[in-house]
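Participant: Below, each chain spelled out in residue letters.
There are 2 protein chains.
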Amino acid sequence: MSTASAFADRGSKEQIETGSAFAPKFDEKGLIPAIATDFDSGEVLMQAWMNAEALAKTIEIGEAVYWSRSRQELWHKGATSGHTQIVKELRTDCDQDSIWLRVEQKGGAACHVGYRSCFYRRIPVGAQAAGDAELEVTESEKAYDPAAVYGKKSH
Amino acid sequence: MSTASAFADRGSKEQIETGSAFAPKFDEKGLIPAIATDFDSGEVLMQAWMNAEALAKTIEIGEAVYWSRSRQELWHKGATSGHTQIVKELRTDCDQDSIWLRVEQKGGAACHVGYRSCFYRRIPVGAQAAGDAELEVTESEKAYDPAAVYGKKSH
Numbered sequence: 001m002s003t004a005s006a007f008a009d010r011g012s013k014e015q016i017e018t019g020s021a022f023a024p025k026f027d028e029k030g031l032i033p034a035i036a037t038d039f040d041s042g043e044v045l046m047q048a049w050m051n052a053e054a055l056a057k058t059i060e061i062g063e064a065v066y067w068s069r070s071r072q073e074l075w076h077k078g079a080t081s082g083h084t085q086i087v088k089e090l091r092t093d094c095d096q097d098s099i100w101l102r103v104e105q106k107g108g109a110a111c112h113v114g115y116r117s118c119f120y121r122r123i124p125v126g127a128q129a130a131g132d133a134e135l136e137v138t139e140s141e142k143a144y145d146p147a148a149v150y151g152k153k154s155h
Numbered sequence: 001m002s003t004a005s006a007f008a009d010r011g012s013k014e015q016i017e018t019g020s021a022f023a024p025k026f027d028e029k030g031l032i033p034a035i036a037t038d039f040d041s042g043e044v045l046m047q048a049w050m051n052a053e054a055l056a057k058t059i060e061i062g063e064a065v066y067w068s069r070s071r072q073e074l075w076h077k078g079a080t081s082g083h084t085q086i087v088k089e090l091r092t093d094c095d096q097d098s099i100w101l102r103v104e105q106k107g108g109a110a111c112h113v114g115y116r117s118c119f120y121r122r123i124p125v126g127a128q129a130a131g132d133a134e135l136e137v138t139e140s141e142k143a144y145d146p147a148a149v150y151g152k153k154s155h
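Protein chains in written order, with this note's numbering: chain W, 1 to 155; chain R, 1 to 155.
FYI, nobody ran anything at the bench for these hints, they're computed from the structure. It is possible that some hints are incorrect.
Identical copies look the same in the list; a pair holds intra-copy or inter-copy alike.
Claimed, not checked - Pairs of lysine-lysine, BS3-like flavour, derived with a Cα cap of 27 Å:
1. Lys29 with Lys106
2. Lys142 with Lys106
3. Lys88 with Lys25
4. Lys25 with Lys13
5. Lys142 with Lys13
6. Lys142 with Lys29
7. Lys13 with Lys106
8. Lys142 with Lys25
Isolated chain W (complex conformation):
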């Protein structure tokens, strides 16, 4: 059940864009980008990847399951930290090659670094910034202490 065959075959461009058949497109590595936003604030919490099994599992259990590219294994987000993501709504885009998860983030933080969102740094925009951008941290404090959750060595 948790294979690519769990989903419909890709049809014509019109079927993909306007039809009701869910026919996600995985890349040559079998992955599709997945974007998790906070259901209440709309903040982008993280961007990760799913394979067909992770996507099928996410739909089945209603919690975010990704594919860890570094560990090459299914990654039920929060299994270690308790910071699971309850899927309040799941969407796909016009060409069905991207997934958007609107989630309730348990534990208040998605990022292993300790911030609410993985996107905790701003890239300055403007002509003068193009060559030599210095990132600016957007958060005033971390939501939790990674060392307390993961041990001294954060994963």
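Use these hints to put chain R onto chain W, whose structure you have.
Facilitator: Relative to chain W, chain R alone:
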């Protein structure tokens, strides 16, 4: 200026996660995922891709410039439709392999199909839905008529 060398070299994991040097990671095709959300509503408008040149150009002009994988060319979003995206804030994530653009969407719509967001369909979640998901359209109406903007054949 609009090449990969416009950005810092990748450093250690700690430097990448906590440093202020912007050292984006492009994949083996030279691309990085880019997520555009509406600055006011937080809605995810689209997910596209940037190469180093598109990213440098986005930073320089403050409007979203992507890399079109289908056309294999730089894609200044809105150049044809007038639906440009003014970048109000640009962020990167912990491992600097994803870009988040918070934009003001000109023309009220990001999607070539005519909807505000490309993510106009919901995937039902739950055990009973896993095998046979029927997509549900989330929008009550299109924001514009693609045929009027792009001509009879939408791109």
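Participant: Taking the hints in turn, state whether each one holds.
Facilitator: We went through each hint and held it up to the structure:
With identical chains, the CA atoms of Lys29 and Lys106 are never at most 27 Å apart, being 30 Å at best within one copy and 35 Å at best between copies. Taking identical chains as interchangeable, the C-alpha atoms of Lys142 and Lys106 lie at most 27 Å apart only when both belong to the same chain, with a minimum of 15 Å there against 34 Å between chains. With identical chains, the CA atoms of Lys88 and Lys25 are at most 27 Å apart within one copy only, with a shortest distance of 22 Å there and 30 Å across copies. For a Cα distance limit of 27 Å, the shortest separation of Lys25 from Lys13 inside one copy, 12 Å, qualifies, whereas the shortest one across copies, 31 Å, does not.
In the homo-oligomer, the alpha carbons of Lys142 and Lys13 lie at most 27 Å apart only across protomers (18 Å), although the nearest pairing inside one protomer, at 44 Å, exceeds that limit. In this assembly of identical chains, the alpha carbons of Lys142 and Lys29 never lie at most 27 Å apart, being 34 Å within a copy and 34 Å across copies at closest. Proximity of Lys13 to Lys106 under the C-alpha cut-off of 27 Å is restricted to the inter-copy arrangement: shortest distance 26 Å between copies versus 38 Å within a copy. Taking the shortest alpha-carbon separations for Lys142 and Lys25, only the inter-copy value of 24 Å comes in at or below 27 Å, while the best intra-copy value is 36 Å.
Checked against the numbered hints given earlier, this structure breaks hints 1 and 6; the rest are met.
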